[in-house]
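As given, the protein sequences belong to chains W and H, one line each in that order. Positions 17 to 552 (this note's numbering) are the ones given, in order, by the first sequence. Positions 603 to 904 (this note's numbering) are the ones given, in order, by the second sequence.
Just so you know, not all the hints are guaranteed correct.
Quick look at which bits of chain H chain W covers, simulated, 3 or more residues with Cβ under 8 Å [unchecked claim]:
#, segment
1, 672-678
2, 835-841
Far from chain W by the CB rule (all over 10 Å, computed), these chain H residues [as the list claims (entries may be wrong)]:
#, residue
3, Trp661
4, Arg720
5, Leu768
6, His814
7, Ala851
8, Tyr874
9, Val875
Just so you know, the hints here were simulated from the structure itself, not pulled from any lab data. In this text, a Cβ means the ideal position worked out from N, Cα and C, and glycines have one as well.
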Amino acid sequence: MSDAAAPPAASTGTRAPAIALRDITRRFGAVLANDRVSLEIAPGEIHALVGENGAGKSTLMRMLYGMIQPDAGTIAVDGRVVRIHRPADAIRLGLGMVHQHFMLVDTLTVAENVVLGREPRRAGLGVDRTAAEARVTALADRYRLPVPARARVGGLPVGVQQRVEILKTLDQGARVLILDEPTAVLTPQEVDDLFRMLRTLHAQGTSIVLITHKLAEVKALAERVTVMRAGRVVGGGEAAALTTARIAELMVGRPLADDLPRVAREPEAPLLEVRTLDADDDRGLPAVRRVSLTVAAGEVLGIAGVEGNGQSELIECIAGLRAPLRGEIVIAGRTMHGRSPRERAAAGLAHIPSDRLHRGLVPEMSLAENLALGRHRERELGAGPLLDRGALVARAGRLLADYDVRPPDPARRAGQLSGGNQQKLIAARELSRGASVLIVAHPTRGVDLGAAESIHRRLLAERDRGRAVLLVSSELSEILTLSDRVCVMYEGRIVHETRPSETDERTLGLHMTGRAQAGGADAATGGDTAGGGAAS
Amino acid sequence: MDALLFVAAALRISVPYTLAALGATFSERGGVINIALEGMMLSGALGYVLGAHATGNPWIGLAAALAAGLATGLIHALVTVRFRADQITSGLGINLLAAGLTKFILTQVFHSSSNSTRVVGMPGWRLAGLENLPALGSVLATPLVLMTVALVLVGQAALFRSVFGLRLRSVGERPEAAATLGLPVTFYRYAGVLISGALAALGGAWLASEQHSFTDGMTNGRGYIAIAAMIVGKWSPLGAAAACLLFGAAEALQITLQGSAFPTELLQTLPYVVTMLALAGFIGRAIPPRALGTPYDPEHAG
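Just chain H, same shape as in the assembly:
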């Protein structure tokens, strides 16, 4: 088996996980638990297909995915930040809502309860030099792969080096402290959740673009694995990306080994077994943001 091909496959597979986990890092660093990733990804996938279907332009599809993700994020932010409802309940609700609503739209638009018609995928980029790389070239020339790599690096810098990141983290650790310094806690929490919605939707768009269609429930639990990756990565973009690569590798391995002597059913559990092992091995040392899950109520602060 070609090692480079394997790396390429792992990279490709890890893209949606990475985008969703990166986004969740921002949400949770700001103090809002986001288990709505699954729903946000699903919305993004449908958004992409609808945009691409209506215009034939994948970039419009991407824009529609972003819009769908931001809208889903806005619901989560409204419920948890504005109305201070329980964040896990809101996330679960959004996941259920997205599962139902995407299916409903699917049947309304495409008259099928299982899948959409075929749409265009994201085009490759002709980047000098890149395409000549064996195996990896074609993967790296895919816009969303490069964007993901860039977003992880930018995200790492934004969270730990920028003014925005410092303020976001302070809001997730000690919102009362941020508020007494005159920082708008609500604004930063909204921002974190919306970033999460947008990035998870990009991940969903990638899935739909790869598959050239939307199928019912196509995210298939990836949102939950992304949450695990975020925790294993200790709420840092680079850590989350590394964890996602690990899951991507597990899934690539499973695909590679299919057709061998291993029973397929056991093989398919591999990514999930890796998730559980990684969580069990790392979670003891991972310390979440202190105010994670706690709604901020200015009247009762301090």
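Excised from the complex, chain W in its bound form:
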């Protein structure tokens, strides 16, 4: 029985747990997503539910919230066994959920989003907007979650949208707040704000379930921890009694190395140069403004920034997927102006794109076919117009084993792999090209700890081998771990350049949100851009 693994009862004594899940089991087809999971949330506690992607955390919480039904097991709220058929039941029981992908209607106002489903009425049928706005403002004041009640949600920063989500649950009268990976999309400053708000809620008696795989958050916020792996509870207890290393070991099932080894290198010749690049985004608005950077052989240059500040457009320009307006891109000494993606690959460029399912892979095709994408002209895969399927599968077998893609079955469809293994698959294809320049975007987004560690090791190995690596990531710990130098992009410009040893997440976060700019001119930009920012 999993009772042995269940966390100890909280010190609140005889009060019934706010939530008690008992032996919850749920299958999706052949996959056992939750295997007799038991979990107790004490009234008023902050409880972290941690585990890698696919460990079953979200499945468990979706059952608690009535979005899917358990195959077996019971749920008790405040000591009474209940059946939760739909979200409305969960709401009635005082459960509130803040989803990882916000459940907000962008075209409606903040107030409309909060009161939706429980609207104050006028004349029976109409929505009383004034009353709705007053209600939301009062709630926001009470819990210190400031929001602009009349603004349209779609135009608000992510951190504010999340506040709207929390307010929604509070307006429903939630006493238990479930947050699914709440910090995945936030800047470090927004994370600080969120934690402050959560502590306020906690002080006012709300129970909080924090679903996460970031261990620093667990230590910062949680009183108790439950760790899941492969659909089961594998451990837990008082947060203070568990080290992050121990929690990580429980999550992954093996100890993780503390530090990734890296060789000290002297500066070498630049392999990738970008000179005063300008580019527009898909809507024709300026996205990249006078960006200049160089990446030398044996160097990782990390580009930090909140997503949507021109990083993806910059990468697309380098990869040849987007035509820049001005500026020059030089790979291994050869200018790439007007060159196609294939010519750039031949010049020594490899690209691990951020969107693995749309750009990186063809989910419907087999692993062997995906590994041959863009490399079909290589001699090894067959001379003449026909591909040698035997060679394709043979090489795929080698690469899958080398890069630890699981399962290593060349005939399986790429779409059937987990996110981490899809990412390893793309890494296998791109890193085995022997390219001298690697551009890598968000390589570990949505990837679990074990796979992330192995991708990080690979990237550093490529660096040590003398490749130039350009890394774009919104995950600051990743930037700081891997990079030799760090640039921060904000509104299309490089506004800050530094070294990991000379900075920290907080400082980078300030630059990422443009708040550090007021202090003075930045060395990296030179401030030579004409015009006063984007129109509209």
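Please build the complex by placing chain H on the supplied structure of chain W, with the hints as guidance.
Relative to chain W, chain H alone:
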């Protein structure tokens, strides 16, 4: 040419377009594409004629039209909401089904493959003051014209001011969000499609009442123009009504100019040319509801 007469003609002609476009606005705001308007109008037209033919009472005809429209809407809702099939395919299917089925019923009941016998039209209303207005009076005194004007205003308020409208729009933009708040997504999507069926059928009833009969394929593409009007009107009742008035004016102009030096064939293309121009001029700025065309599957949401 009398300007008032022209306005009256434009108003009259725009009635069926407006009703159908108004209904489609509700369907699409709830997230269900409705290109079945043509079939729904045709069903409504036949419904009216059958009801009026059987009882001699135009109000029974109107009720029968509504029933036919609701039934057609129910098919579309079942296929797209309940069974989550492709919404465009379902709409096309309904249009083909309605074209065939109305013809079949026509031959069974009236023993003609082209038209029904003559039935009563909707009576005029004697409203104090209205009938004295020159030219417009007779048009405004027609029950369906007044109803259409009222329905557009009520529809605008319902969509943007009422609790129902707020929920319907949230279901069309982000059904997962509505569902996590405990709102029944399916109910609102059904409601949107059924409203669309009923209003399109009213438009069809108007055509049949004006013409005092049902003729095979009598909607003649009006359902498609109504879809264009809804898009040009940016999925708002008032906007759709304005676009329909524009098409009504184009058609009235074409009728007015007949017999002049212009070649008739070119003139007849006028309403369609106006449609194309309006679409090309407006569609770039029209943003459809975000979840439009996407079936909602609760198991895979979130």
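Is it correct that the beta-carbon of arginine 720 of chain H has no partner in chain W closer than or equal to 10 Å? Fine: 41 Å to the nearest Cβ keeps arginine 720 of chain H off the interface.
Would the non-interface assignment of alanine 851 of chain H survive a Cβ cutoff of 10 Å against chain W? 31 Å, holds
8 Å C-beta test of the segment 672-678 of chain H against chain W, three or more residues: violated (count 0)
Minimum C-beta separation from leucine 768 of chain H to chain W exceeding 10 Å: can you confirm that? 5 Å, violated
Could you check that no beta carbon of chain W comes within 10 Å of the beta carbon of tryptophan 661 of chain H? 26 Å, holds
Whether valine 875 of chain H stays farther than 10 Å from all C-beta atoms of chain W, as the label says: 30 Å, holds
Within the segment 835-841 of chain H, is the number of residues with a Cβ closer than 8 Å to a Cβ of chain W three or more? violated (count 0)
Hey, is tyrosine 874 of chain H genuinely clear of chain W, shortest beta carbon separation above 10 Å? 31 Å, holds
Beyond 10 Å from chain W, beta-carbon-wise, is histidine 814 of chain H? Holds, since 38 Å exceeds 10 Å.
In summary, the numbered hints that this structure violates are 1, 2, 5.
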